[in-house]
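One-letter residues, chain by chain:
Protein chains: 6
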Amino acid sequence: MTGSSLCIQLINPNTSLGMTEVMAATARKVASPGTEILAVCPEEGAPSIEGHFDEAIATLGVLQQVKAGREASVDGHIIACFGDPGLLAARELARAPVVGIAEAAMHMATLVATRFSIVTTLPRTLVIARHLLHQYGFERHCAALHAIDLPVLSLDDGSGMAQQKVREQCIKAKQNDGSGAIVLGCGGMADLAQELTLELGIPVIDGVSAAVRLIESLHALRLTTSKFGDLDYPLPKPLSGRFADLNN
Amino acid sequence: MTGSSLCIQLINPNTSLGMTEVMAATARKVASPGTEILAVCPEEGAPSIEGHFDEAIATLGVLQQVKAGREASVDGHIIACFGDPGLLAARELARAPVVGIAEAAMHMATLVATRFSIVTTLPRTLVIARHLLHQYGFERHCAALHAIDLPVLSLDDGSGMAQQKVREQCIKAKQNDGSGAIVLGCGGMADLAQELTLELGIPVIDGVSAAVRLIESLHALRLTTSKFGDLDYPLPKPLSGRFADLNN
Amino acid sequence: MTGSSLCIQLINPNTSLGMTEVMAATARKVASPGTEILAVCPEEGAPSIEGHFDEAIATLGVLQQVKAGREASVDGHIIACFGDPGLLAARELARAPVVGIAEAAMHMATLVATRFSIVTTLPRTLVIARHLLHQYGFERHCAALHAIDLPVLSLDDGSGMAQQKVREQCIKAKQNDGSGAIVLGCGGMADLAQELTLELGIPVIDGVSAAVRLIESLHALRLTTSKFGDLDYPLPKPLSGRFADLNN
Amino acid sequence: MTGSSLCIQLINPNTSLGMTEVMAATARKVASPGTEILAVCPEEGAPSIEGHFDEAIATLGVLQQVKAGREASVDGHIIACFGDPGLLAARELARAPVVGIAEAAMHMATLVATRFSIVTTLPRTLVIARHLLHQYGFERHCAALHAIDLPVLSLDDGSGMAQQKVREQCIKAKQNDGSGAIVLGCGGMADLAQELTLELGIPVIDGVSAAVRLIESLHALRLTTSKFGDLDYPLPKPLSGRFADLNN
Amino acid sequence: MTGSSLCIQLINPNTSLGMTEVMAATARKVASPGTEILAVCPEEGAPSIEGHFDEAIATLGVLQQVKAGREASVDGHIIACFGDPGLLAARELARAPVVGIAEAAMHMATLVATRFSIVTTLPRTLVIARHLLHQYGFERHCAALHAIDLPVLSLDDGSGMAQQKVREQCIKAKQNDGSGAIVLGCGGMADLAQELTLELGIPVIDGVSAAVRLIESLHALRLTTSKFGDLDYPLPKPLSGRFADLNN
Amino acid sequence: MTGSSLCIQLINPNTSLGMTEVMAATARKVASPGTEILAVCPEEGAPSIEGHFDEAIATLGVLQQVKAGREASVDGHIIACFGDPGLLAARELARAPVVGIAEAAMHMATLVATRFSIVTTLPRTLVIARHLLHQYGFERHCAALHAIDLPVLSLDDGSGMAQQKVREQCIKAKQNDGSGAIVLGCGGMADLAQELTLELGIPVIDGVSAAVRLIESLHALRLTTSKFGDLDYPLPKPLSGRFADLNN
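Residue numbers (UniProt numbering), protein chains in the order written: chain A, 1 to 248; chain B, 1 to 248; chain C, 1 to 248; chain D, 1 to 248; chain E, 1 to 248; chain F, 1 to 248.
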């Protein structure tokens, strides 16, 4: 069998079209021939995600997109924000596989290095990364976390300053952490991975492209989200008001 | 100083008025004289919470209520669903302390027993309880988890069957788990704790009343959610569409 | 029901009357109206507790006080030394709830911040705090531990030097640890919490007052130490010699 | 870019040609068009791997094959034995990515279920699986381990008895473990995954095919084993005697 | 150098002369030629140790004996109760090495098996064993804990019934736990280890004899309790009343 | 019984005769009278072990020596390389006890200090030490790891430079880590332990001598590797080619 003629829904949980484009371009570069990347972001929500509150807002947008994607019979869903907002809720809702970019990047990192470092945006988001490391089981595989101390959207302001700070943090991490790889901690950094990998001479990993390939892999393996047990479809119940459109 | 003349907002994350009433009554029984319990539930959302998807929906309702509560200058917020949905997001949004009923019950359990058991509703919710135990650090303090295998709302159907099953599971847990206490794993069980404590002769703990007292305690200690670091107020950004009412 | 007309026994495990007074005053400030604080310390023992040996001595004094408190039908016991010496032994002996000030402060800290720092006295006591974090499940919630490198009784020498060093360590911890709250690691620091909370603008938590409120809370919840299983009363056996007064 | 025209070296660490064939066939079924599967096994070594001793023998064969594969400029190496024997040593030696089938299966399992069960051959190999779960960070994601209590080569004896026992254990695991997915704990079970997935209605995961797709993914992502730090090429030193052929 | 002409103080923390004799005899059987076993127990204290309260009492007796032993210049101290009561306090007080029988047995068990089971006396003591496994780092090495549900002194009542129950539990543990070794969870079982080892055909480990050999080993290695840092001698302070005899 | 007239096989997993001699001399110094140290190293293999690849080579030599030792009826086997290469495989093969020098040193360290530091050779070997700490359960007992950044054989080059760097790292570790003891992370440092212990005034622990005494202890305790379960003798199977000499 082959990995071709798939449709993967790339969900940017925030409403920034710029970031959606950056991530879509990166995803298309790495996708197999015949894999279509359906890049979407919620019409309503937060322009960027920099904390638990933003994640809660974004999760609703993610779920609406997953529902739409399921109705469009996409072959997989990517949650393209480093906090993997709504991951397990999305897995309940989806028929196809769902992969978050944080888990995708972390899984790949453990395949190429014994320990990795994370470079993300604002310090306040570090707690989210730490919780994910803990939940996914990769705490011991992460040597250190770093923040460039610039907001997510600075990656999209055209100045290149955020990109420069990411680069500096990656160089510092390589020198000081004893890590063999670096995980980029924001979807907005997706387009930096390959050049930084070349410049630094160690794997610098972007979760968006990693997730594309993991979805393709699951599809090729004929594996999808288990509908047995706690990831089964949500129990049917009348969702009221602004949530009515999420009714199954 | 005293614990009197507080207003605690008791947020039932689901839309069931019946459960809201049960929890409000329990909360008022245990509250200090002068503490007002402002019991609310979202107008829109899910009638019950039995998985990650339901939690994601409920979280938005929780945040709306926290915002309303903050504007009404309540002295604390309780998230009255055993999954503590939206806990950290709510802490970002709140000025006053926020306590979830799962953490409240678990904290109290560790003060009266070396290990506790949890009795909850549907098996599919066990994963949520396990994640909370892991995140809060109480994995080793929990000897076993049990599910009565009835939906949340069966606690509210007047038949008493669910209550009977809770009772049976608690008795079984006492006999088999080597636990010194039992944590009730659903807000809808709030009214059962004291009679089961008497009948079983071990602490059977309800998180709603525990949370009321923890909020009062934090207030008396002049402690509130830290606004330094990752629980600081959400960064101001324009939330669009159905989320506009959550703008700060 | 109400929290009034309780008698809480505040046990200072060391023999320092000065520290007993400081802690009693702090406890009374935070206690509910009608709660009496019965502050005691052993007549015999160690003037301060700065290691495992001192703790072992202090534990016997704690148990004698718990026994006396039980005979006086107090409504709860506080072990007011940051190592929580004799906590589980005291719970076996007690009918009423027993709370240690280290656990009390740590529990409260996790309700207001995602991570906390600890500031204590001598470096040699850090191992005790680390063991407690490990045993209580809060290892991941503690970002760092700091010692002022002055003995416990320097807090009681009237010079204010120790208090100044605590203040400096708290400021350093806020700047460097990425913690949202600070736990004061010695009962003798009890009176510093509220002013430091105001000065630093983050929760600085004292376990003595936290424990007072937790005991009141357990009482209001009609929860007490489980007498089923491993916290049941000690098996009756003839304790000889200097321990005879501990016979049940 | 595309995933085509890759050469992946599938290394069966034992000397069983039958098992090599079974795994090669499975690998080819799942490989992308244009991916060549170069299936090899050591000429010398152990006919099956059922303990740490067998693994130690097999590791040398793995390394010889990795060296040969590197000289043949293969694009990736798969260690096709559930203990992932020699994984980190192989990563030191390799230029291309190296993936073990145990890690591959476990990673994929965590993407489709909250917990998985493992079904393997002899009870004495369970310790190896437990160590891998611990090392990879998936301990909490594994609900239970099961052994069919038949040797590895019974999967290759044509009787189908071992296959039947695997099937029975998988059914039992689904019923009893509360797992949403099952990981097959032996390369010799590779050909069973897809039919069992269909029959049981939950993901039953084979590490061989999972590893093929992970190698393809790493290649598409232009990620390879980090040569910075502890996975750098072995330090050149004269290997003597029977090991001379492993000299770099 | 040699292991001869040592004096090891074997401290039975309870006041039972019978148990002291049993343990002394076992210790002498295993001691090197020239090693003298100075078996002592406190004159005052508890006749047996079956909980945290008993341990607290026993700890004081242990410390008095350690002080006496230090003044008598013994070459090492053994704390011969499975809870290792007062271990770290004793290490502060001692110049020579101090070894507890629980840690001794657990360390040895990890050298001969990948996992071990524990067989102890009363169920209420299981919590103590679990805490030690956690503190020493051997949680994962322990497959299961079992209690014969008879008090400690039943081992000393001459009926042999407790010994028979220990034997039955060991046989059950071998059959059911998948453990390669068994740790006897009470000093009163010391004399059973060698015959059970022969009968069961797996290592059945007694901590008393293990501790004797570990002390001899530390002495031969010229290693003793570190007096640098948190195990340094207790800070000199006036211990009052019944504790005055513990003044340094 | 006595510890005399034992034959312990000291296996240096690398082919360096110089290191074998250094370790043999250290072992003989600490051995009991009547204990013979049979020091061996593989005729074929790697001259030093500085990574996973080297360990894999060395493991085969270890197993050949264990087989030879078993045929010569030695009373125990020591794997004298800090990575404990092939430890569990050797335990399967051996009748007598097998102890690795890393585990030996770490076990002893936990008996004399609450935390220890490790000083080893090349940074690339730190991952091996970290994995052992994790596997043995001593992660929390290790405060820090240090590398002198010189290859193993520099310890054998007669210049003393490596020894000087070890000394400097130990002094730094004592000053900065808050550790009470230091574990020497290479068999080639065996002869430094006792002088550094004297100079630094804290236990500096060599695993070679520790292992000698642990083997003697297991023998005195009549404990040997469990042959029940996963450490049972390897299943008989025809090992082919260069491995034929390992056939049972």
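It is possible that part of the hints are untrue.
Across the chosen pairs, the derived CB separations fall in these ranges [unchecked claim]:
| no. | chain 1 | residue 1 | chain 2 | residue 2 | range |
| --- | --- | --- | --- | --- | --- |
| 1 | A | N176 | B | I171 | 54 to 60 Å |
| 2 | C | E71 | E | A72 | 37 to 43 Å |
| 3 | A | G160 | D | G34 | 47 to 53 Å |
Chain C regions said to be covered by chain B (calculated; three or more residues, Cβ under 8 Å) [stated by the list, open to error]:
| no. | stretch |
| --- | --- |
| 4 | 106-113 |
| 5 | 134-140 |
| 6 | 195-203 |
| 7 | 213-226 |
Worth flagging that the hints you see were computed from the coordinates, not collected in a lab. Just so you know, even glycine gets a beta-carbon here, dropped at the ideal spot from N, CA and C.
Now the hints, each set against the structure:
no.: 1; hint: A:N176 - B:I171: 54 to 60 Å; result: 56 Å, holds
no.: 2; hint: C:E71 - E:A72: 37 to 43 Å; result: 40 Å, holds
no.: 3; hint: A:G160 - D:G34: 47 to 53 Å; result: 37 Å, violated
no.: 4; hint: 106-113; result: holds (count 6)
no.: 5; hint: 134-140; result: holds (count 5)
no.: 6; hint: 195-203; result: holds (count 4)
no.: 7; hint: 213-226; result: holds (count 12)
Of the numbered hints given earlier, the model fails hint 3 alone.
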